[in-house]
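Protein sequence lines, in the order shown, are assigned to chains A and B. Counting in the working numbering, the final residue of the first sequence is number 85, and the numbers go up one at a time with none missing. Counting in the working numbering, the final residue of the second sequence is number 185, and the numbers go up one at a time with none missing.
Accuracy of the hints is not assured; some may be wrong.
Stated by the list, open to error - With a cut-off of at most 35 Å between alpha-carbon atoms, the simulated DSBU-like pairs for lysine-lysine come out as follows: (1) A/52 to B/119; (2) A/19 to B/162; (3) A/19 to B/119; (4) A/67 to A/19; (5) A/52 to B/162.
Claimed, not checked - Which bits of chain A does chain B cover? Going by a derived footprint, with three or more residues having C-beta under 8 Å, they are: (6) 45-51; (7) 57-65.
Hints were generated in silico from the structure; no laboratory data involved. As the structure is a computational prediction, the values presented were derived from the model and not from experiment. Note that CB positions come from ideal geometry on N, CA and C, so glycine has one too.
There are 2 protein chains.
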Amino acid sequence: MSLLSMLFGSKPKTASLAKERLQLIIAREHADAAGPDYLPELQKELIQVISKYVKVNPEDIKVQLEKQDNYEVLEVNIVLADQDG
Amino acid sequence: MSLLSMLFGSKPKTASLAKERLQLIIAREHADAAGPDYLPELQKELIQVISKYVKVNPEDIKVQLEKQDNYEVLEVNIVLADQDG
Chain A
1 MSLLSMLFGS KPKTASLAKE RLQLIIAREH ADAAGPDYLP ELQKELIQVI
51 SKYVKVNPED IKVQLEKQDN YEVLEVNIVL ADQDG
Chain B
101 MSLLSMLFGS KPKTASLAKE RLQLIIAREH ADAAGPDYLP ELQKELIQVI
151 SKYVKVNPED IKVQLEKQDN YEVLEVNIVL ADQDG
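Construct the entire structure; sequences and hints are all you get.
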């Protein structure tokens, strides 16, 4: 589960951690670095879909786009608002 | 960029690699392990959104759901069909 610890950091469990966290990573590998860059648009739509399932405050969404050679990695970190349960 | 090498494996660049690959990871950390499991439904909708941006053959989509304690990690690997360009 080393991927998990990379995703959420090294200390995911603390007593104060009552909130739910969601992380979305979209990684694109493409042969041609000049291909269309649809990831930012895609990200917006994906967040809309996620919002249908969980309560999300826009200010609790952190987005990071990283590009290198033939890669693009879009990372979306969401701290969810308190759910009903 | 060690996350990238974990995502795509250790040899991402080969001469034969002309196809585009997309990887989607949804990681959910929740305090209550008994929370509603919306990830499979969410995954279906996310793939529908991705299909609006890129050509995807259903048989080229590999989905893996991993659960452990308070984590769920949904991993979607897509080898894209040849694009127009």
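A quick look at each hint next to the structure:
no.: 1; hint: A/52 to B/119; result: 32 Å, holds
no.: 2; hint: A/19 to B/162; result: 30 Å, holds
no.: 3; hint: A/19 to B/119; result: 39 Å, violated
no.: 4; hint: A/67 to A/19; result: 30 Å, holds
no.: 5; hint: A/52 to B/162; result: 24 Å, holds
no.: 6; hint: 45-51; result: holds (count 4)
no.: 7; hint: 57-65; result: violated (count 0)
Violation of the numbered hints given earlier is confined to hints 3, 7; the remaining hints are satisfied by the structure.
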